[in-house]
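Novice: Below, each chain spelled out in residue letters.
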Amino acid sequence: MLDQPQLPVAQRTNPERSFKEEVRALRLGEGEIFRGEGILAVTKAILQAGVSYVGGYQGAPVSHLVDVLVESQDLLDELGVHLETCTNEASAAALLGASINYPIRGCVTWKSIVGTNVAADALSNLASPGVIGGALIVVGEDYGEGASVIQERTQAYALKSSVWLMDPRPSLPTIVHCTEKAFEFSEATNTPVMMELRIRACHVTGEFMAKDNKPPAISRNARLAEPAAHNYDRISHPPSTYAHEKLKVEVRQPAAERFIVEQGLNEFFAGDRSDLGIIVQGGITNVLMRGLDRLEVEGKIPTLVLNVTHPLVPDQIADFCKSKRAVLIVEEGSPDYIEQAIHVLLRKRDIGTKIYGKDVLPMAGEYTAEVVTEGLLKFLTLSANDIDLSAPRARFEAARAGRAEAQKMLGGPLPLRPPGFCVGCPERPVFSAIKLLEREVGKVHISSDIGCHSFATLAPFNLGNSILGFGMSLAAAGAVAPVMQKRTISVMGDGGFWHNGLLSGVASSMFNRGDRVLVIMQNGYTSATGAQFIPNTSGNRRDGETTSDIAATLKAMGVKWLRTIRTYNVATMLGSLREAMNTKEPGLKVIVADGECQLARQRRVRPQIAAQLKRGERVVRTRYGVDDEVCTGDHSCIRLSGCPSLVVKPSPDPLRTDPVASVNNGCVGCGLCGEVADAAVLCPSFYEADIVQNATWWDRLVWRIRSSVIGALAHG
Amino acid sequence: MSKSINILVGALGGDGGGVLCDWIVAAAQAQGLGVQATQIPGVAQRTGATTYYLEVMPAVGPRPTVLALNPAIGEVDVALATELLEAGRMIFNGFVTPDRTVLIASTHRVLSIGERAAMGDGSFDVGRLLRAVKERSKTQILFDMDQAAEESGGVINAVLLGALAGSGKLPIPDAAFEAAIREGGKSVDTNLAAFAFGRGHARGELEQAVREHRKRQSAVQGAEDLIERARKDFPVASLDIVEEGIRRLVAYQDRGYAALYLDRLKDIDPALVRDVARHLAVRMSFEDVIRVAQAKTSRERLERVRAEVRAKPHEPVEITEHFKPGNEEIAALLPPAAARWLMARPKFNISMHVRSTTIWGFARLRFLAGLRWWRPHSHRFVEEQAEIERWLQAIRSAQVLSPDLAREIAELARLVKGYGDTYARGLGNYRRISDEVIAPALAGRLAPPKAADAVANARVAALADPEGESLSRTLAAIAA
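Chains as they are written, first to last, in numbering that gives the first Met the number 0: chain F, 0 to 715; chain P, 0 to 479.
Where hints are given, some of them may not hold.
Restricting the straight-line Cα-Cα distance to at most 30 Å, the calculated cross-link-like pairs of lysine-lysine (DSS-like) are [claimed, not checked]:
{"#": "1", "chain 1": "F", "residue 1": "Lys-583", "chain 2": "F", "residue 2": "Lys-554"}
{"#": "2", "chain 1": "P", "residue 1": "Lys-346", "chain 2": "F", "residue 2": "Lys-583"}
{"#": "3", "chain 1": "P", "residue 1": "Lys-231", "chain 2": "F", "residue 2": "Lys-299"}
{"#": "4", "chain 1": "F", "residue 1": "Lys-377", "chain 2": "P", "residue 2": "Lys-2"}
{"#": "5", "chain 1": "P", "residue 1": "Lys-185", "chain 2": "F", "residue 2": "Lys-613"}
{"#": "6", "chain 1": "F", "residue 1": "Lys-648", "chain 2": "F", "residue 2": "Lys-613"}
{"#": "7", "chain 1": "F", "residue 1": "Lys-321", "chain 2": "F", "residue 2": "Lys-159"}
{"#": "8", "chain 1": "F", "residue 1": "Lys-377", "chain 2": "F", "residue 2": "Lys-353"}
{"#": "9", "chain 1": "P", "residue 1": "Lys-133", "chain 2": "F", "residue 2": "Lys-648"}
{"#": "10", "chain 1": "P", "residue 1": "Lys-214", "chain 2": "P", "residue 2": "Lys-2"}
{"#": "11", "chain 1": "F", "residue 1": "Lys-407", "chain 2": "P", "residue 2": "Lys-133"}
{"#": "12", "chain 1": "F", "residue 1": "Lys-442", "chain 2": "P", "residue 2": "Lys-323"}
{"#": "13", "chain 1": "F", "residue 1": "Lys-485", "chain 2": "P", "residue 2": "Lys-346"}
{"#": "14", "chain 1": "P", "residue 1": "Lys-231", "chain 2": "F", "residue 2": "Lys-648"}
{"#": "15", "chain 1": "P", "residue 1": "Lys-231", "chain 2": "P", "residue 2": "Lys-265"}
{"#": "16", "chain 1": "P", "residue 1": "Lys-346", "chain 2": "F", "residue 2": "Lys-442"}
{"#": "17", "chain 1": "F", "residue 1": "Lys-377", "chain 2": "F", "residue 2": "Lys-321"}
{"#": "18", "chain 1": "F", "residue 1": "Lys-648", "chain 2": "P", "residue 2": "Lys-346"}
{"#": "19", "chain 1": "P", "residue 1": "Lys-311", "chain 2": "F", "residue 2": "Lys-648"}
{"#": "20", "chain 1": "F", "residue 1": "Lys-407", "chain 2": "P", "residue 2": "Lys-137"}
{"#": "21", "chain 1": "F", "residue 1": "Lys-19", "chain 2": "P", "residue 2": "Lys-346"}
{"#": "22", "chain 1": "P", "residue 1": "Lys-311", "chain 2": "F", "residue 2": "Lys-613"}
Non-contacting residues of chain F with respect to chain P, defined by C-beta distances greater than 10 Å in every case (computed) [unchecked claim]:
{"#": "23", "residue": "Val-203"}
{"#": "24", "residue": "Glu-225"}
{"#": "25", "residue": "Ala-317"}
{"#": "26", "residue": "Tyr-336"}
{"#": "27", "residue": "Gln-339"}
{"#": "28", "residue": "Lys-377"}
{"#": "29", "residue": "Arg-416"}
{"#": "30", "residue": "Val-708"}
Some chain F residues flagged as far from chain P (calculated, every beta-carbon gap over 10 Å) [claimed, not checked]:
{"#": "31", "residue": "Glu-183"}
{"#": "32", "residue": "Ile-198"}
{"#": "33", "residue": "Asp-292"}
{"#": "34", "residue": "Val-343"}
{"#": "35", "residue": "Glu-369"}
{"#": "36", "residue": "Phe-395"}
{"#": "37", "residue": "Val-443"}
{"#": "38", "residue": "Ala-555"}
{"#": "39", "residue": "Thr-656"}
{"#": "40", "residue": "His-714"}
Read the hints as simulated data drawn from the structure, not as lab findings.
We put the CB at the ideal spot given by N, CA and C, even for glycine.
Construct the entire structure; sequences and hints are all you get.
Specialist: Structure follows, in structure tokens:
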């Protein structure tokens, strides 16, 4: 089994990847060419805009913003920029409170919609008094293919809190320009600005002309002598809040509309068909343009690109629409806030332009190339029957028919390839143990959470009844446990524990004397988002000291039944789960399942081992294997583990047809397959092989003696 | 303005699809070509499918205001896949089309979790994938890139880059791709080697040896006369199986046992001999502790393990076997009366980690393997023989009624395999189907053609899920 001692402090460095190239890109000066991805361009742009502070909570697709800055501490120190790696999005949103009283620029980032939900309270309280220093929130709009969260729109928050929302066209110069302008926009309107970037926009590659980074006037390096004077107007508390509400609509929004027009934030693409028009969210522009190109009408239809989707500028929209017969609104997701708003503003001005939108495009789902092309075809057919679309329509239909034919040829849906636990993941054994527990006690209600462990809801474990948000699994069992004969099991990661679970879950369960079981995956990082540090990571990035210990925290909270167990030991894990389910002891029962993220561990130990081997030191490499002659091809081992390195291969037995299990070379020797075979009494096929590299003379001597005796004893 | 060359990449997490895109982007930029890439990278984990999309301008010059971020059906010029099912997925989604798309894909399979977890063979039909790959794309560059990566000592993404260069579809010279690899700075030598391999394959300069999965024959002396006898008694088309059965059973037990095997096959319909012989040999060489010990102490085994774990010739390897025998395994070796007594005791299992590369550990296993002489007196042996006879009797009765039914009964033996709970579950399912479908059919209460279908359906259902839910449903439907 994997020998994985707790690491000495400060040996765990950020394991996800090294950002050397990215860090270099952040140092580019005036006139140099920046090359890289969208989210890195945003990171460069905020430094060019002179931010004093940056914060955020990790989550795809925007994790890189903070990750890269963590690696750029030298640069931040030179500029005087403060970086806060927040423990959740509410904490990040509250960080922007610095710009309420002080003329300093700040930027925070998180994944939306989920992060915005968490941040919502602070966001409301930020938006109400407003800001005097530019406040930018970069949200990763996790929508469509590749998204990992519920499908909702950030737009709702912008509307209800009167926060401006930018949705820049995905091209690096535009994204950078919008980022820089966002701070001015925020300051000119005393309003925080959100900028949403979809997954593909975050990862889009491109170039732009860099500028020098700007050291902020007020910063860590240039501190203020005195705090801001007390001003009750700046506090979001009545009666100020009544005044704030009026300010939002009477002063800030008109200012925003003026700024958008004066600065030309929205773009206008001309076209010769003055009777037609398209209004599109900036982020969808590329899909739209390709669709027009495909229908051979590119450059023909005037298009208004909304790089700012809230607020809309009524005059701008009305001017664009009024001389046109028909306008299509390309707005992804539901509800159709923009389309509704445009209908209202045209109606109020008695402009009779026919508006198309969600009637020719779908209300829900990602606006892919195919969806948009189909919508355009419908729009043009209904509004401009003088355009001959027969050739492009035929091509489009042929592609669709071809796909149907291909699908028929392939014969039904292809096997899915869902994400799952990595090779050697310390979380997998816990679910193996839960599966074995269910063999004994029957099905158990399992409250799942956000994190790598949510993959247990997929094949081959198929464990989990609900997911209620990050760190919510214990709270989500609150009303299930009292109506259930068997105890419920809530699974939570250490990331979720610090994000929300400690208070929403543990404190609440303790307070209500809940009789539930909680398993905390203590792997030391928020692994699903790229192994960022959290309070229990052994080694804070600043001083190498561990900040907070989970078990100690739980004890302080009054948890009585508490076990910390090495995850790879399936039998012990199973025993503890059994005990937690059956003990007479009332109250919350917590199992801390301890094992470092294997991805992080491998990144750390691989170079160390390579160095040891190079120095000629003795290194034992452990991996597991399956005797193909003993395996009968039932694959129980795979159903109980799902390890990617546990694969199948054709049976070498001429008399058997079912493929047999096999361990491939991705094996890191965690030993789970052997442990599971043992705990579940599966079969005697598994073996552990310890390969002695740089063997000593003693190793070789013993080996030689043993080999000769064994050779004589062997048969066959 | 000229149109972009659109490239779609389908990969698995960990294949290095992101790095592949970086290389293409860097090489295109070095040529002064307009280029844009984006990706749906999936989560940080190293399993799920990932996709990348790139657009490259065919020549230096003005580029469109925007390049697209999403692939469009029917608008992909080059599709790259690091694995065959992912190539199939791009076809399934309509991105690969016969009028336009050059498909560059590896032919190897990495089975998805659903395919691996099946209780028998759950892998998707490769023939279908290959047919779609060939018929639904314009031209193809197909070879086993996993193997090429291994042969070159590099990673699959560099092989794929080489194949892309070799396809000549991009206006980018080889040197620019190579420069991009060098600039990347990581594992430059092996990546360049892999690149050259990929390019060579794409240009037809390299031939790939087909990696075959060899079946291993049992090696045994002294069975020649039995084989001779089989050649006289059985159809030629069944002989490879029957001969392997003989060799297997001589090694497993002795010549007498192999002779019994031939006797048992004697009155089987010649058309069924091949199928029955295959299952009968497997059933007669059932997996008991002695057989496991035999397998683990055979002469070739250590070399096989060394090769599998890639130990270098001078590196010592220590092997630890994971066993967990319990009363079932022990009882299996005892005489029937003692076995029944032990089986009535509470169930127990003992974890044993035996280091079979030590003299003591190996000697213990060798001792168990040496108990072969005792096997015919063991409880398990007696039980198995009775079970086998009942099964053969059912086949003999059925072959008169319908060869299809007899074949399905023979095939049902697939359910009985494995160890411990797996074995118990398989045998339980087998008996349920015997009692609820085969018995009524042989008693004339179910029409033979219908019965053959019913047995086949029940077998598939028994292999559908370990909980037996599908089987219960299927049996209920048959009874109704």
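Novice: Let me make sure I understand: some of the numbered hints might not hold for this structure. Which ones are they, in numerical order?
Specialist: Violated hints: 3, 6, 10, 14, 18, 21, 23, 29, 30, 32, 33, 35, 36, 39 and 40; rest satisfied.
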